[in-house]
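Sequence order for the protein chains is L and E. Quick note: the first sequence uses the working numbering, first residue 1, plus one each step. Quick note: the second sequence uses the working numbering, first residue 1001, plus one each step.
Hints in this document: simulated from the structure, not taken from any laboratory. Misleading hints may appear alongside valid ones.
Unchecked claim - Here are the simulated DSBU-like pairs of lysine-lysine, each with C-alpha atoms no more than 35 Å apart in a straight line: (1) E:LYS1087 x L:LYS97; (2) E:LYS1153 x L:LYS97; (3) E:LYS1141 x L:LYS324.
On a predicted model such as this, the values are computed, not experimentally measured, just so you know.
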Amino acid sequence: MEPIDQDLDESELELPAEPMMLNMGPSHPAMHGTVRIVVELSGETITKADVQIGYLHRGFEKMCERGTWNQVFPYVDRLNYVSPMLCNVGYALAVEKLLGITVPERCQYYRVMLGELARVADHLTCNGAMAMELGAFTPFLYFIRAREMIWEILEEETGARLTHSFGRVGGMAKPPTPFFKRMVSETLPVVMKLVADGEKLLLKNRIFLDRLEGVGAISKEDAIALGWTGPTLRSTGCAYDVRRAHPYLVYDRLEFDVPVGTTGDNYDRFMVRGEEMRQSIRILEQSLEQMPDDGPINVDDPRIILPEKQDVYTTIEATIQHFKIVMEGIKVPAGEVYSYTEGGNGELGFYIVSDGSGTPYRMRIRPPCFAVVQGLEQLIVGGMIPDVVPTFGSLNMIGGECDH
Amino acid sequence: MSKLVLGLLTERFGEAILETHSHLGDDTAVVDPASWYDVARFLRTDNRCSFDMFTDLTAVDYPDRDPRFEVVCHLRSVDRGHRIRIKSRVGDPDGEGAEIDSVVQIWRGANWFERETFDMFGIVFRGHPDLRRILMYPEFKGAPLRKDYPANKIQPLIEFRKGNFEKLPPFGPDEGMSFGRQTHEYHRDDPEMVQARALAEKKSKKTLPARGEG
Chain L
1 MEPIDQDLDE SELELPAEPM MLNMGPSHPA MHGTVRIVVE LSGETITKAD VQIGYLHRGF
61 EKMCERGTWN QVFPYVDRLN YVSPMLCNVG YALAVEKLLG ITVPERCQYY RVMLGELARV
121 ADHLTCNGAM AMELGAFTPF LYFIRAREMI WEILEEETGA RLTHSFGRVG GMAKPPTPFF
181 KRMVSETLPV VMKLVADGEK LLLKNRIFLD RLEGVGAISK EDAIALGWTG PTLRSTGCAY
241 DVRRAHPYLV YDRLEFDVPV GTTGDNYDRF MVRGEEMRQS IRILEQSLEQ MPDDGPINVD
301 DPRIILPEKQ DVYTTIEATI QHFKIVMEGI KVPAGEVYSY TEGGNGELGF YIVSDGSGTP
361 YRMRIRPPCF AVVQGLEQLI VGGMIPDVVP TFGSLNMIGG ECDH
Chain E
1001 MSKLVLGLLT ERFGEAILET HSHLGDDTAV VDPASWYDVA RFLRTDNRCS FDMFTDLTAV
1061 DYPDRDPRFE VVCHLRSVDR GHRIRIKSRV GDPDGEGAEI DSVVQIWRGA NWFERETFDM
1121 FGIVFRGHPD LRRILMYPEF KGAPLRKDYP ANKIQPLIEF RKGNFEKLPP FGPDEGMSFG
1181 RQTHEYHRDD PEMVQARALA EKKSKKTLPA RGEG
């Protein structure tokens, strides 16, 4: 009996050798947002990648050109829907820079505190979701429980859990509630504990570490050239934090450290976010002591701030003022300004052009995610398919912000 | 700090720097589009500037001006901590001929920002390695952030994508929407809609006689 493979000449065999195309997303259960990644594979290694965004494009910039300056707040809420308060404050600061006004001290502290709470929530979501995408569901629940507590504070203060629309040009929609400080001081230790517990579950886990360490690394020079900012840039070793480099609000009076990584891989990004949460909590604790308990929250300028409802009903001046602000909008002097704050993912910039009317002439947002996601292609080419998930997760792409 | 940079720029490029100002602390230089690339190169490489962080690039549409678009670029230096904004004016009032050099060779981060500006304003960046739409889909008509693009404009429905595409992505016949999009609002100046509306009005006049006639 002849052997079956007698005539088999390996050089004649036609093995399928053309690269395989794989489409990840736009809607993928292990993906952090709505994005499509088309990858070309050789075996399991990625040889080429094309990251396609735009699935959440809603024409933010066009919409802003149609309303008054204060009507932009609900839109900026929906940019970074994980930390909307940071966007609210960033936008308010941009318009105030153009108006040349500064909000009272109490409001500055209030903005810092709400913003830092939002930042903690943002990092909790990112780290938790990233762990969940790698199969670690329990730490995710720890982090989300902590986030829930922060959202409860924000709900108590603003009336909404997620889309607060709480900022106003020249102040805030409402002063802090009487129990704001107590809520924060009682919640912070619990949040700290949950964060520590959640991290303890992850950072001794061999599988988790293996999938993070050395995966998706980027050099400092590359990250800077790509326009990265925020935790992702700091993980490469570049200590650029807008709060420290160009202090706004009262950040120059608060003590905090800027954590940096060394290699810029997924592990560093995870750890930088974890440490930043602790620094944010430090800022919150200091602000609790320093924030004045009474005093005005809004600037004293009837052309910018809506009058009290009671006055609108009873006096003609307030009625007219209310009508002018609501119907015509605040008049912002003509000019252009670029204002930048530290958002959840990095430098959140607003480039605003005003023609002196009650409507923005051009509203440009510089979303930190946009630059960060741009670098994803470089991170995943040469890696394996399963590495896409933690790498993409650690970049924390927020679709609403990235796609405008 | 970066006043110095503005001084350096005017000294080095002279006529090509059309104007400078530092309104609200943002140092701005308006650059002749012909020397856009050279200015960018200088800002990146010169030791006194060393703008290595690419922050933002966008455009503003002024339909009444003669170079119609203003391309606006924000830069930052990590070592020196200063910032600058450079602008350039391109395009005629009809929106034609809006072209400027790409700076992707200098900052890789400019890639997506230039694609976005191309997508939103139709400004062409010469020398860009991969200039295609980024936020919109390839069949999209017009440039949405131009002032003459109506905000409530309806785009035509897209056919199934056919043919061979050499480029990534691998579009196949299963791409595209198989269902129509329902809308309740039509663009007023759309000629098809104007015609349809006129026809409908005519019909309603015929079937419903005015009150006096009955």
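Verification of the hints:
1. E:LYS1087 x L:LYS97: holds, 20 Å
2. E:LYS1153 x L:LYS97: Roughly 34 Å between the alpha carbons, so the hint for LYS1153 of chain E and LYS97 of chain L holds.
3. E:LYS1141 x L:LYS324: Violated, at roughly 38 Å.
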